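J.: Throughout, our numbering is defined as the position within the sequence shown, counted from one, plus 85.
It is worth saying that the hints were derived from the structure and are not from the lab. Computed from a predicted model, the values in this text were never measured in an experiment. A few of these clues could be false.
Said to hold, decoys possible - Pair by pair, the computed Cβ-Cβ distance ranges are:
#1 GLY199 - THR106: 12 to 20 Å
#2 THR290 - VAL175: 23 to 31 Å
#3 THR147 - THR324: 44 to 52 Å
#4 THR99 - THR176: 28 to 36 Å
#5 ALA100 - ILE325: 46 to 54 Å
#6 GLN326 - THR215: 25 to 33 Å
#7 ALA274 - THR159: 17 to 25 Å
#8 THR113 - ASP228: 40 to 48 Å
#9 THR90 - LYS314: 24 to 32 Å
#10 ASN322 - GLN110: 21 to 29 Å
#11 THR176 - GLY148: 37 to 45 Å
#12 ILE102 - SER333: 25 to 33 Å
#13 ILE325 - GLY287: 19 to 27 Å
#14 THR297 - ILE102: 22 to 30 Å
Beta carbons are placed, not taken as given, at the ideal position from N, Cα and C, and that holds for glycine.
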Amino acid sequence: NNVGTVTEVTAAETANIIGNTVTLQGPTGIGAADPGDLEITVSTQLNADSSAGNGNTFLTTTGSMPIGLIKANTGNVTLTAVGAITITSVTDNTADILGTVVGLNAGTGIGTGGNGALDITGTSISADTTTGNIDIDSLATADVTVTSLTTGSGTIQFDQTGNVALNISNGASATGNITITNTGDNAAADVLTIGKAVTSSGAGTITISTLTRGNIAVNGDIKTAAGGKISISSSDNLTIQAPPTSISSGA
Numbered sequence: 086n087n088v089g090t091v092t093e094v095t096a097a098e099t100a101n102i103i104g105n106t107v108t109l110q111g112p113t114g115i116g117a118a119d120p121g122d123l124e125i126t127v128s129t130q131l132n133a134d135s136s137a138g139n140g141n142t143f144l145t146t147t148g149s150m151p152i153g154l155i156k157a158n159t160g161n162v163t164l165t166a167v168g169a170i171t172i173t174s175v176t177d178n179t180a181d182i183l184g185t186v187v188g189l190n191a192g193t194g195i196g197t198g199g200n201g202a203l204d205i206t207g208t209s210i211s212a213d214t215t216t217g218n219i220d221i222d223s224l225a226t227a228d229v230t231v232t233s234l235t236t237g238s239g240t241i242q243f244d245q246t247g248n249v250a251l252n253i254s255n256g257a258s259a260t261g262n263i264t265i266t267n268t269g270d271n272a273a274a275d276v277l278t279i280g281k282a283v284t285s286s287g288a289g290t291i292t293i294s295t296l297t298r299g300n301i302a303v304n305g306d307i308k309t310a311a312g313g314k315i316s317i318s319s320s321d322n323l324t325i326q327a328p329p330t331s332i333s334s335g336a
């Protein structure tokens, strides 16, 4: 535990902390932007709390990252794992990560494993993995912008609840299925916007939908390889930007 900031004294890219269960508390911050992020080797569970002072949290694991709770409140969270970013509890509808800007980078998947999707509360989310699937539940309390959503080999599932807007501002990219949903209670306020291209480079299925209420605005291409399928389903209105926007399943 700490009443200030948890930092490392050198920028060496080796583990600063090694343990089965690692719990860090630093009200004004934990780690710093790379190369100041804390490098950790953890096998069972990683917890970090900078919420008392709304500090930022920067953590890197040398292998996979099994998350218990990462809590920054209005601070930002940046997590990097050589392996997969997973959760250690199957509890749904409770955030595993709380921050304003949440950035996730992994080597072999995000929200994968037997305990299911990674639950996030944040207003800006990015999730990128070299390989593996992405499965995120956005438990939104305010409008959310997804600035990046990519996997080099795998599928993407991004589901939002909270009755707010969702903007996939820079599109999404995968080799398999891509599913993006937003659950709302107001057609105009809870709009799902596709800002740039959503692309499956394989014969995957792209599903974009609003549930209960919510318009959909498509301002970027939606494409799959030959043999893929595309489904766009709006609870209210669907607006597709005039060309050059393209919706295409295969050449």
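J.: Hint by hint, say whether it matches the structure.
T.: Going down the list of hints, with the structure as the test:
1. Taken as a hint, the range 12 to 20 Å holds for the pair GLY199 and THR106, whose Cβ atoms sit roughly 18 Å apart.
2. Hint check: THR290 to VAL175, Cβ distance near 26 Å, so the stated range 23 to 31 Å holds.
3. A C-beta distance of roughly 46 Å is found between THR147 and THR324, which places it inside the suggested range of 44 to 52 Å.
4. Taken as a hint, the range 28 to 36 Å holds for the pair THR99 and THR176, whose Cβ atoms sit roughly 33 Å apart.
5. Taking 46 to 54 Å as the suggested C-beta distance range, the pair ALA100 and ILE325 conforms, at roughly 49 Å.
6. Distance hint for GLN326 and THR215: a CB-CB separation of about 31 Å, consistent with the stated range 25 to 33 Å.
7. For ALA274 paired with THR159, a C-beta distance near 22 Å keeps the hint of 17 to 25 Å intact.
8. A hinted range of 40 to 48 Å for the beta carbons of THR113 and ASP228 is inconsistent with their spacing of about 27 Å.
9. Between THR90 and LYS314 the beta carbons are some 49 Å apart, a value that contradicts the proposed interval 24 to 32 Å.
10. The given range of 21 to 29 Å is broken by ASN322 and GLN110, whose C-beta atoms sit roughly 47 Å from each other.
11. Judged by the Cβ atoms, the range 37 to 45 Å given for THR176 and GLY148 is violated: they are separated by roughly 24 Å.
12. Take ILE102 and SER333: their Cβ atoms lie about 48 Å apart, and the range 25 to 33 Å is violated.
13. Judged by the Cβ atoms, the range 19 to 27 Å given for ILE325 and GLY287 holds: they are separated by roughly 24 Å.
14. Between THR297 and ILE102 the Cβ separation comes to about 44 Å, which falls outside the hinted range of 22 to 30 Å.
Hints 8, 9, 10, 11, 12, 14 from the earlier list are contradicted by this structure; the remaining hints agree with it.
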